[in-house]
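Residue numbers (my numbering), protein chains in the order written: chain G, 1 to 80; chain P, 1 to 181.
Please keep in mind that the hints were generated in silico from the structure rather than gathered at the bench.
Check the hints yourself; a few may be wrong.
Straight-line C-alpha distance at most 27 Å; calculated DSSO-like pairs for lysine-lysine [said to hold, decoys possible]:
id	chain 1	residue 1	chain 2	residue 2
1	G	20	P	119
2	P	172	G	20
3	G	20	P	55
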Amino acid sequence: MTEMNHNLNHESERIEELLKAAVPRIAEDAEPRRDLWPDVLRRMDREPARVPWFDWALAAGLVALAATFPTAIPVFLYYL
Amino acid sequence: MPESSRSVLHRFRQGDADAFEALFREQQASVYRWILRIVRDAGTAEDLTSEAFWKIYRAHARFDAARGFEPWARRIATHVALDWLRARKPESNITPEMEATMTAGGASDPGVRAEIRAKTAKAFTRLPPKLRVAAVLAVVEEQPHKVIAEALGITATAVKLRVFRALRLLRKDLEQQGIRP
């Protein structure tokens with residue numbers, strides 16, 4: 001059992017060595033070649049922030065609840 | 001944490017664009033490096049960094065200042081990079097840097113033959129994206145398991161398991177290519 005574990009560890013270490021030899025490590029000081037802020041601004045202009053669908057669903061649920069049980073509105077406002 | 005940093009984080013959470021720009025300037029390079037470690041291509045990492053920051057901005061209301069901006073940003077960046085890997089064909093993930101390594105000396109061991117390096121790199125690109133990310137960050141980039149776990153939203157034990165499975169798949173793939181590691 002111990003020998004089997006030893007072999008497994010040895011094989012894993014060998015694969016790790018091969019992986020390190022095949023895939024270069026990224027430099028610690030790697031930086032983008034250009035300022036990316038204009039790209040972010042472009043995205044912000046192109047796709048204005050949207051209200052998530054579940055927020056709309058929640059709002060629709062509350063409106064439906066208020067329409068069905070109007071007497072619940074003061075209770076709801078109390079707990080807000 | 002200095003009062004000014006706390007104030008920036010608070011204003012960002014309220015959706016303040018100036019605070020967002022300040023955080024972007026501060027974190028741009030580290031988010032870019034993190035994405036680059038996953039996708040291994042500078043141009044793609046630049047595009048994905050701006051996409052990640054756009055998603056960060058959209059999610060500002062869900063930001064929890066108590067848990068820190070950097071780990072949260074890293075987590076969003078990891079998902080953006082993972083989505084990109086999932087959308088790509090495995091064989092097209094060989095980057096110019098990896099090509100150069102295959103033909104020149106190895107990244108860390110020049111003694112490993114070019115053919116073996118090339119086959120290992122190809123086997124690496126064929127790994128399922130979530131195993132590939134865990135393996136590259138833990139083995140190649142030597143990032144702490146805790147940091148990888150936070151970024152992937154899993155436990156450190158799950159990271160170790162993914163690395164183990166990735167190495168096992170790599171070994172099988174290499175054996176099928178006629179290489180006995």
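Hint check:
The suggested pairing of residue 20(G) with residue 119(P) holds, with an alpha-carbon distance near 13 Å, which does not exceed 27 Å. As the CA atoms of residue 172(P) and residue 20(G) are separated by approximately 17 Å, the hinted pair is consistent with the 27 Å bound. Between residue 20(G) and residue 55(P), the direct Cα distance comes to roughly 32 Å. Violation of the 27 Å bound is thereby established for this hinted pair.
In this structure, the one hint that does not hold is number 3.
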